[in-house]
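Novice: Residue numbers (the working numbering), protein chains in the order written: chain A, 8 to 239; chain B, 8 to 239.
Bear in mind the hints are in silico, worked out from the structure with no lab data behind them.
We treat Cβ as the ideally placed atom computed from N, Cα and C, and that holds for glycine.
Watch out, some of these pointers could steer you wrong.
What the hints assert, rightly or not - Rough simulated footprint, nothing fancy, chain B against chain A, three-plus residues with beta-carbon under 8 angstroms:
hint : segment
1    : 115 to 124
2    : 182 to 193
3    : 229 to 238
To be verified - The calculated DSS-like cross-link candidates involving lysine-lysine, where the alpha carbons are at most 25 angstroms apart (straight line), are:
hint : chain 1 : residue 1 : chain 2 : residue 2
4    : B       : Lys156    : A       : Lys158
5    : A       : Lys211    : A       : Lys128
6    : A       : Lys156    : B       : Lys156
7    : B       : Lys158    : A       : Lys158
8    : B       : Lys32     : A       : Lys158
Said to hold, decoys possible - Negatives, chain B to chain A, calculated, CB over 12 angstroms:
hint : residue
9    : Asn66
10   : Asp126
11   : Glu210
12   : Val224
This is what each chain is made of:
Protein chains: 2
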Amino acid sequence: MANHYDITEYKNPLFTVDSVLFTVKEGALKVLMVKRASEPFAGRWGLPGGFVNVDIDDNVGMTALRKLKEKTSVAPQYLEQLQTYSGVNRDPRGFSVTLVYFALIAEAQVSTHIATVDDAKWIDLNKLTELPVAFDHKFIIEQAKERLKQKALYSMIPVYCLPEHFTVGQFKLVIETILGKPVQRKSIIRRIEAADMFEKVDEKVKSGGRLAQLYKVKPDVDIVNFERNLSV
Amino acid sequence: MANHYDITEYKNPLFTVDSVLFTVKEGALKVLMVKRASEPFAGRWGLPGGFVNVDIDDNVGMTALRKLKEKTSVAPQYLEQLQTYSGVNRDPRGFSVTLVYFALIAEAQVSTHIATVDDAKWIDLNKLTELPVAFDHKFIIEQAKERLKQKALYSMIPVYCLPEHFTVGQFKLVIETILGKPVQRKSIIRRIEAADMFEKVDEKVKSGGRLAQLYKVKPDVDIVNFERNLSV
DNA sequence: TAAGTTAATGTCTTAATGACACAATAAATC
DNA sequence: GATTTATTGTGTCATTAAGACATTAACTTA
Chain A
8 MANHYDITEY KNPLFTVDSV LFTVKEGALK VLMVKRASEP FAGRWGLPGG
58 FVNVDIDDNV GMTALRKLKE KTSVAPQYLE QLQTYSGVNR DPRGFSVTLV
108 YFALIAEAQV STHIATVDDA KWIDLNKLTE LPVAFDHKFI IEQAKERLKQ
158 KALYSMIPVY CLPEHFTVGQ FKLVIETILG KPVQRKSIIR RIEAADMFEK
208 VDEKVKSGGR LAQLYKVKPD VDIVNFERNL SV
Chain B
8 MANHYDITEY KNPLFTVDSV LFTVKEGALK VLMVKRASEP FAGRWGLPGG
58 FVNVDIDDNV GMTALRKLKE KTSVAPQYLE QLQTYSGVNR DPRGFSVTLV
108 YFALIAEAQV STHIATVDDA KWIDLNKLTE LPVAFDHKFI IEQAKERLKQ
158 KALYSMIPVY CLPEHFTVGQ FKLVIETILG KPVQRKSIIR RIEAADMFEK
208 VDEKVKSGGR LAQLYKVKPD VDIVNFERNL SV
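Go ahead and model the full structure; you've got the sequences and the hints to work with.
Specialist: Structural data, given as structure tokens:
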């Protein structure tokens, strides 16, 4: 009766944690992919992730961060759970479950480190079809992209793809890259005002025309969500 | 090298699937709770759920459905993933991960069956504080409730708490119960029109005054999301 | 028949975004 | 140095969907 809840009576499914880390680079939406060194799918490209180490990870969010840091050397600026994917056929080792995180980072923060390793690469989302991808990761990335597009319509999270100081023009470009459609500059400006989560930096920057005002995120503010989507 | 990916080299965390099943009953938002027969937390109330059975579950969604059916005898009308909760301290057996689903059902569909079993009960969300609850399930239910409230602002999912045929007045009441605030009948009607996912039933029903038009969900339509939240 | 109740409609107001003209400011060109 | 061009930022009207609330409709009960 004491071991009525003995866990060994259950075949526990294989549990992993993966992350879809997006950035905007060279005017395109990119996702971080890792060349798999071991089976299954050795040699193919997959999402950064792996098994939980119950001795050092306090929770599965730490697993995601730890695995991302191995590849990028820094923590992403934004991290949230996307979804869990499971099934008996998605991994040749048997029934598997993967919890997928969804993350954003400014390209400038990681470019140097990524460039030094050859098993991690930014993949243009439009060129994903050409890449040999492991598991169901191509499908997962598509779903993550949809989530990102949806969130970009009502939330300020795209700012996490920008450097510390940024202009309205850069913000606009990031949003347009994510959505794949042009948006009104005026709409961005209005939301920057309304969100009250940014402050002007006492500095302007060249941009080919009139000098552009720099902004930065106020310390310790939460991301603001709006009641209404951009309709584009 | 063949067993380089032998899964036994990892201490796999304990993985379970739980569900927060909501309904609206007697003008209040209720959640289905189950009295735990076994340790840990035997005797306390917890969310319906359990371990994956890799032999009969094709994926973890099936696990959630299977466990819910054990308690309600039917499948919920709406089911989506809420989030995964994990940590080394949330279960005395060790590092644990639970994937929590979020589900809705019409009370009429399950009332008779629930009444016959004594280990499952609808708990009024306002009386949750008084109940001895297992694990971090109280916290999880609060998060699920927030998700439901948020979705009720821009989506038609509250309809899944209604019987097959329903009136605008019933729909309004369900939404108001979820949100805890009054909404404009006119707004509901406008959205019912705009969503184009309902059709009028050729029948009206008494309601104390003028007869109320009955509606039902059109076959094979998806839930409609609106671009804008109700602001209430 | 009148009063009360709930349903449905009509319509004015409000709020946030779209669209776009226009002004400001800097670089490049003549 | 004036002119053109590019980009930033502002002003303003149009559009859209929701809020507020009065009005009408249809049924019940006293």
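Novice: Please go over all the hints and tell whether each is borne out by the structure.
Specialist: Hint check results:
1. 115 to 124: Not satisfied, violated; 0 residues make the cut.
2. 182 to 193: That given contact is violated, which follows from only 0 residues of the segment 182 to 193 of chain A lying within Cβ reach (below 8 angstroms) of chain B.
3. 229 to 238: holds (count 4)
4. Lys156/B / Lys158/A: Within the cut-off at roughly 18 angstroms; holds.
5. Lys211/A / Lys128/A: The hint is violated at about 33 angstroms.
6. Lys156/A / Lys156/B: holds, 22 angstroms
7. Lys158/B / Lys158/A: Cα-Cα ~14 angstroms, so holds.
8. Lys32/B / Lys158/A: Violated - the C-alpha atoms of Lys158/A and Lys32/B are around 33 angstroms apart, more than 25 angstroms.
9. Asn66: For Asn66/B, whose nearest Cβ neighbour in chain A is about 4 angstroms away, the distance does not exceed 12 angstroms, so it is violated.
10. Asp126: holds, 16 angstroms
11. Glu210: About 36 angstroms separates Glu210/B from the closest Cβ of chain A, which puts it past 12 angstroms; holds.
12. Val224: Its Cβ never comes within 12 angstroms of chain A, the nearest being 23 angstroms, so this holds.
Checked against the numbered hints above, the structure breaks hints 1, 2, 5, 8, 9 and satisfies the rest.
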